[in-house]
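Put chain B on the given structure of chain A with help from the hints.
These protein sequence lines are chains A and B, in that order.
Residues 1052 to 1309 (the numbering used here) are what the first sequence spells out, left to right.
Residues 1052 to 1309 (the numbering used here) are what the second sequence spells out, left to right.
Treat the hints with care, since some could be wrong.
Treat identical chains as interchangeable: a pair holds within one or across any two.
Distance condition first, Cα-Cα at most 30 Å in a straight line; then the derived DSBU-like pairs of lysine-lysine [said to hold, decoys possible]:
no.	residue 1	residue 2
1	1303	1247
2	1250	1303
3	1262	1250
4	1146	1247
5	1146	1250
6	1262	1146
7	1303	1146
Bear in mind the hints are in silico, worked out from the structure with no lab data behind them.
2 protein chains.
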Amino acid sequence: MEEGRENPEEKDFALVGTLYGIGVGPGDPELLTIKAARILREVPVIAVPTSYSDAGSLAMEVIAPILEERARAGRSPEIVSLLFPMTRDEGILRKAREENGALLLGALSRGDAAFVALGDILFYSTFGNLLTGLSSIRSPLPVEVVPGVTSFAAAAGRLVEPLVQGSERLAVLPAVYDPAEIEAVLDRFEVVVLMKINKVFGEVRDLLARKNLLDRSAFVAMVGRPEERISRTLDRLPPGAVPYMSLLVVRKNGWLTP
Amino acid sequence: MEEGRENPEEKDFALVGTLYGIGVGPGDPELLTIKAARILREVPVIAVPTSYSDAGSLAMEVIAPILEERARAGRSPEIVSLLFPMTRDEGILRKAREENGALLLGALSRGDAAFVALGDILFYSTFGNLLTGLSSIRSPLPVEVVPGVTSFAAAAGRLVEPLVQGSERLAVLPAVYDPAEIEAVLDRFEVVVLMKINKVFGEVRDLLARKNLLDRSAFVAMVGRPEERISRTLDRLPPGAVPYMSLLVVRKNGWLTP
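Chain A on its own, in the form it takes in the complex:
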């Protein structure tokens, strides 16, 4: 452990810092909020999730301009990687929670730390897992959240189409359901967003075709990034080309511009 301003053992891990949960937006560095940018220019420690997806490294790419600016000023933050294993093994999950907790508490005993994730920080984000893991020691832990622009809002923006209007209802599904479940939601809601569609894309496309909703569905992948792809012709999308960071927007009331 590096020499800090405080000795955690003497102080029984007295926390001098605040944990900031920061959503960095969907991918475009200009879609960071002013508050997120201000905090990320100042914090001594930036924590980033590592998982099977490359979401953590994408979040680091979004804040790369800030990291470069800090490096040029000789003020680079310490980068701490937190592991979120994709498993249901409770032993592995507990070990990861304990290790992440220890890393964060160590950082917070020396000063502020910011945890970054793509999109909004409380919307299907590993920060939720982190808070859950830390919840036993939550009361003495100062946490401040900086919300971010969600990928589905950015997707609607790139489509230049209202997402929801007036009395329309919105459902957001993480797309881990079977098509029957998705169909029941499509029957009830005017607007449905299916997140991280990659694993079920073929099945969902077949379902949308069966329900005559293909021309009311749009595919948006890696929104706001150089490799962004937008398609309103789902039937022509090669199945192998669906990355993890992709979503579908289904508007049963249709689009303004076909």
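Showing chain B alone in chain A's frame:
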């Protein structure tokens, strides 16, 4: 009409500008995106919706620091108010659409214009109405959207609670439905956000009490503003105190911190 760089009549209303739809976030000026701030510091015209709610003037308050900065530099933008009447009278609505369209096209014949709204610009926003009104002349109209932080993401942030995690499904309702409709959605979704809850607050609170969900519901009003109010004890909230800009978050899986 003021003297512009182009003469609209000679050019048959040739549009030289881009219409920017800009979500300014839920209320805190620091939750503007970097992109929104950049554009709002530059555009010659800022258009703002006027309606029965004070949402338009709240959006102007969010960008007040930018407007003050521009005023000090002698570069104040022209402010254009667009009227969105709350009526179902198709004649009145058509007239408002035509007038808004004429005002915007006039501005765009001279340069860029930005339309601002609270939260995200395509999420229950008057910009959706505006795009619908302009859709007949959409193809030659350059529109760029700058998405914003939604009020429900900011609300989850102030609660410091995950909004949705893992396989949880989210439903967002504009709260114009009868309690039976809301109940059906509560039965199917783990997380339900009820927007603009003011008109139906009493009924919804009774419904949540009947379903034993009061301790899994949080009320957030005017999030990110000085008059922000947060309550997890809905039963103690006086009914008269529910402003237009208020929402409920119901998490059937409960909160991390009660």
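Quick rundown of the hints versus the structure:
1. 1303 to 1247: Close inside one copy (20 Å) and across copies (23 Å); limit 30 Å.
2. 1250 to 1303: Answer is both; intra-copy 23 Å and inter-copy 27 Å each pass.
3. 1262 to 1250: within (20 Å within a copy, 35 Å between copies)
4. 1146 to 1247: For residue 1146 and residue 1247, only the intra-copy Cα distance (27 Å) is at most 30 Å; the inter-copy one is 42 Å.
5. 1146 to 1250: So residue 1146 and residue 1250 pass the 30 Å test inside one copy only (28 Å; across, 48 Å).
6. 1262 to 1146: neither (45 Å within a copy, 37 Å between copies)
7. 1303 to 1146: Between copies only: 28 Å across, 45 Å inside.
Of the hints listed earlier, the one the structure fails to meet is number 6.
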